[in-house]
Amino acid sequence: QANKPWHEIGRDAKPAEIKAWNIDVRPDFKGLPKGSGSVKLGEQVWEAQCASCHGVFGESNEVFTPIVGGTTKEDIQRGRVKNLEEGSNYPQRTTMMKVATISTLWDYINRAMPWNNPKSLKVEEVYGVLAYILNLADVVPEDFVLSDQNIAEVQQRMPNRNGMVFYEPLWRVDGRGDVQNVACMRDCPVQVSIRSVLPEHARDAHGNIREQNRVIGPVRGADTTR
Amino acid sequence: QANKPWHEIGRDAKPAEIKAWNIDVRPDFKGLPKGSGSVKLGEQVWEAQCASCHGVFGESNEVFTPIVGGTTKEDIQRGRVKNLEEGSNYPQRTTMMKVATISTLWDYINRAMPWNNPKSLKVEEVYGVLAYILNLADVVPEDFVLSDQNIAEVQQRMPNRNGMVFYEPLWRVDGRGDVQNVACMRDCPVQVSIRSVLPEHARDAHGNIREQNRVIGPVRGADTTR
Amino acid sequence: VAATASATRALAAEGEDVILNLPEHTTGLGQPVAALGYGQPSKWEANLQRRESPGLTRVSQASVSFTPLQGLFGIITPSGLHFERHHQGWWDIDPSKHRLMVHGDDGMVKRPRVFTMDDLMRLPSVSRIHFIECGANSAPEWGNVALPSVQYTHGMLSCSEFTGVLLSTLLEMCGIDKKRAKYVLAEGADGSSMTRTISIEQAMDDVIVAWGMNGEMLRPENGYPLRLVVPGVQGVSWVKYLRRIKVGDMKWATKDEAIHYVDLMPDGTHRQYTGIQECKSVITTPSGGQTLLDRGYYNVTGLAWSGRGTIKRVDVSFDGGRNWRTARLEGPILPKALTRFNIDWVWDGKPAILQSRAIDSTGYVQPKINQLRAVRGTRSIYHQNAIQSWLVSENGEVSNVQVY
Amino acid sequence: VAATASATRALAAEGEDVILNLPEHTTGLGQPVAALGYGQPSKWEANLQRRESPGLTRVSQASVSFTPLQGLFGIITPSGLHFERHHQGWWDIDPSKHRLMVHGDDGMVKRPRVFTMDDLMRLPSVSRIHFIECGANSAPEWGNVALPSVQYTHGMLSCSEFTGVLLSTLLEMCGIDKKRAKYVLAEGADGSSMTRTISIEQAMDDVIVAWGMNGEMLRPENGYPLRLVVPGVQGVSWVKYLRRIKVGDMKWATKDEAIHYVDLMPDGTHRQYTGIQECKSVITTPSGGQTLLDRGYYNVTGLAWSGRGTIKRVDVSFDGGRNWRTARLEGPILPKALTRFNIDWVWDGKPAILQSRAIDSTGYVQPKINQLRAVRGTRSIYHQNAIQSWLVSENGEVSNVQVY
Ligand code: HEC
Ligand code: HEC
Ligand SMILES: [Ca+2]
Ligand SMILES: [Ca+2]
Ligand SMILES: [Ca+2]
Ligand SMILES: [Ca+2]
Ligand SMILES: [Ca+2]
Ligand SMILES: [Ca+2]
Ligand SMILES: [Co+2]
Ligand SMILES: [Co+2]
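Chains as they are written, first to last, in the working numbering: chain C, 1 to 226; chain A, 1 to 226; chain B, 1 to 404; chain P, 1 to 404.
If you are wondering where the hints come from, they were derived from the structure by calculation, not from laboratory data. Fair warning: this is a prediction, and the values are worked out from it, not measured in the lab. Careful: at least some of the hints might be erroneous.
Output of the computed footprint for chain A on chain B, the stretches with three or more beta carbons under 8 Å from beta carbons of chain A [unchecked claim]:
no., region
1, 12–26
2, 30–40
3, 136–150
4, 207–217
5, 276–286
6, 339–350
For glycine and all other residues, C-beta sits at the position ideal for the given N, C-alpha and C.
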């Protein structure tokens, strides 16, 4: 099949260029640079560059949801986080509660953290600070050195490693979701009473809605300060 | 047929309101207020309020095309303006050369002039200043008093009164215009040489086109200062 | 110096600096959401502005600013770049004080009514995409080439999604005398109180009394808070700051339908009431004043439209009209709206003359300038819908020419 | 004082002051054309702004600003009011320095390539209208009513005409290994270098590498100069500042597809890779926080959309879902685009509960919140596409309720 007339537009990427940008790390660890970092090194990095936002123990809810918390030794064994089950009273869904794939954390810290200075960490610092987070979550011991060699083993200790389900109907455009209504038109079955109303304190929580509507038209914004 | 559910939206217009806005004057003089104004009064109004823009004799090309000029006694008799014919060397198409309907001028002066103070003229001032313009164009004599009583007669002296043709195909959406091409696809008859090019002085007359094009994309603006 | 130069060369051999050295935006923290509650274009886009054509008019309150078609995509015109045509300047009117009156003399309207914006915006509304083109678009080129770029040759053209109430809805609720009503007068609230005659057929068909444009209210320059939308008809009929609709039985011969927007014919008569914007098209990239970066492939793109219906086909020639190929049309293809076309072209570095030719749903084929001239001469100003030619020179510069 | 008061009364009986005393804009000269080379909304429209939802996020560079749907018309979102979602702030990138790389490991792409904006904008382009909705739109209301107005319940939703080159065109010219290629990774050039997995089926179908939005270049907040458009899929996949496309054979489980944008189910598992935005609709006027001016007729209006195709029908109920009537749909009705609906309603002054329910071209009927909850519980955050209920109280005030 003949080349399209626009075939020559653009130019070949050079190996050094691909290397500079080809930073993604997959769940099978393809893309992961060789290297290692200790919990100890990680602690230094964390305290110097991460703790201000995420808290000394990854517990802070100030700038983002806590990174650490809510997982147990039992979770690490099962690979399922109990606090994600219904009825759990744990106040937050922390990163460590949700993330199933350790590669996700390596990749993300490497590309995006520290938030205000992304892509500034060295490879061993990424290993180290991830080791530190994992240690905070009791996934690895205090004297652990995380490396490309043992990361697949650590993956087997991720608290929520068995917690993800691939749900194809919401991945494929031609799928069909699990919830569907019927188009009843007359005397449809509904409860007469209202099930939920806007709480009084929420009425004005977004500022005065009067000032968020046009000054003309079929309606005005309600004065929610009153 | 039943009223639509939105029938009551809005409110009835009050007579005084309709009167305040119902200012249009038609070619059959429906809408023309009773009254009159002399060329003499018109001259005063013109010199005080119009001449600064249109020139003392309506000849100015400074702010707009001249109002007066290019019409002859013969035109007034024929009702067709010779200077509109092909080959005429008259430099401008003035208002008086083009306008066929005297109502148009009364209506427009009344609603829009003076440009920076529209709707400020009294009825007799509109009659007067229009009489003055008509006098400048030799349509009425110097001692004329234009009024709702004689305006229909003056209409019969408008230089271009027979110069308008109603061309229905460009008025109706479902019409069919007078010029049409055929969709020749191969070896169509065209002259090889270019018939007209952008004059050199016009290349930069709109500023540097380089600065009027995006800084990226398939093209750049040409530097027309060079 | 020698060392630095060779270091630079080495880097260049390895790859581009902009890839190898990560930019600040890849290694830093950007700006917060809602930094601008109402956003603006990139600072790098400042060249795309609406501009006046020097010498076209004498004063800027009775003038035109042109849309920079040379840099636009698709069919929606960004509202900030919508062309302007004012006769007595524009205003930013307090919408709570704006009124629309619908009436007629002698019982032509049974129930003359006044509407506030509150009233109008409660009524059943429609949202439709339509082009608006000034009747004088391309006017300076009836005779010879005069303008350097498509902004000035074709930029009195925009296309937006309009929302409003059909004029027919208003006329019906006010009770017009269907036997006697033949025309409607639309009047604006600006200094000129712009007035235009609309046929009752079109008033009862697709004319919209509009407040919305591209999802928000009309911009002040386009008639905020209310304008008439008269699909397919020249822009001057789309009365801005609409304050009054009057029903009648005779055309009004208003200033802009008796002195201007009349077409001077070779015999010295003027055609009056020539409102329809006939089928037309233009290539916007590459176009006059642009320079191709290189030989090779280009996606040649442009716009086609017809005041009489939809666009059925656009053909493009690269040899000044001798041979033609049919372009791809992008959807949606809507009546009395712009249609975007695209076509492949490989530039071999030799001079080339680009033309586009649109065909609409009535079968009308966009004419050549000589065909227009043969019937209408060169002095009619309005309704110049000829095929546009762009010459690509060997140096890649594109210029405005006439070829037929 | 008595005289003045009676004069005022007399005037009022004669008619409204705003009609009888002509306003300044009817008796004066306005502003010149091109007073603003790039125009702005009327000063009277300042209430319509995109806004943050207080308490939703902790820092504004990793936050959302919501589109004020309560005041918009038609289907095109004004670009200045397009909702924002940033994870590491927004930038106004120098487009001449921006590059797109297309590659893959292990020969997955035969000819890894780098494109400048100049290169990309020469390629064959398409222009298409599509909606973009954040996967977390309406998320705070899985459990109970929480938000006062449609800006915050549904305002992570916009719709624009996008122009760009199909991703399939790029992938084909770079020569992908069609047997092994299963997924594509899209990566941005911002600090987070946002990454998302796209299926190769969709990459080869309707995904666009876009530079144009509503006729002009993308706004900086929306990814200037280049973003991915993934029709029907949640906004986070529409990677902004797009710098890299990588072809592979395994999903990447990036941060935003492994920690966020995963849906927590009642059994404590998360559904991963739930990208599609299913069929949904909402009444925008009247809506939460608005007050009806009066009893009587209203044109009730809203938006419907589906990530799986076109909107076929929208039904509206005024009695909390017991009885339904079918609304008018405005054109154009396009796949994976917003569709505007309108329906007549006469308010009798009694409490009423308004709902809209959309049906798409697959036959899918927008669900009730209890139907969603029965399957997905109340903690899944994403993909809340339930029927929205608005209660109109006797005083005309509209408020957010749940009824089913
Ligand atoms: C200036 C504040 C700041 C600093 C410093 C910072 N972070 Fe973050 N971090 C954030 C924010 C904000 C987010 C959420 C970004 C988003 O919305 O995508 C985040 C997200 C994360 C996440 C993903 C959490 C999740 O659930 O998505 C990880 C892991 C993380 N940070 C680790 C680190 C590490 C390791 C460092 C230091 C090397 C660091 N952060 C420094 C603010 C910060
Ligand atoms: C400050 C400048 C100015 C003043 C003062 C002024 N005019 Fe004008 N006049 C104009 C402009 C500009 C136009 C063209 C407006 C347009 O583009 O629609 C015009 C148009 C006209 C026209 C229509 C010409 C045509 O061919 O369309 C008439 C008639 C006219 N003026 C008469 C008058 C009279 C009578 C007065 C005084 C009572 C007056 N003008 C005062 C600037 C002025
Ligand atoms: Ca090249
Ligand atoms: Ca940095
Ligand atoms: Ca000027
Ligand atoms: Ca005044
Ligand atoms: Ca904030
Ligand atoms: Ca009322
Ligand atoms: Co015009
Ligand atoms: Co999102």
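Status of the hints after comparison with the structure:
1. 12–26: violated (count 0)
2. 30–40: violated (count 0)
3. 136–150: This one holds; 6 residues, not fewer than the three required, reach chain A with a Cβ under 8 Å.
4. 207–217: violated (count 0)
5. 276–286: The restraint on the region 276–286 of chain B holds, since 4 of its residues have a Cβ under 8 Å from chain A and three suffice.
6. 339–350: Not satisfied, violated; 0 residues make the cut.
Violated hints for the displayed structure, listed by number in ascending order: 1, 2, 4 and 6.
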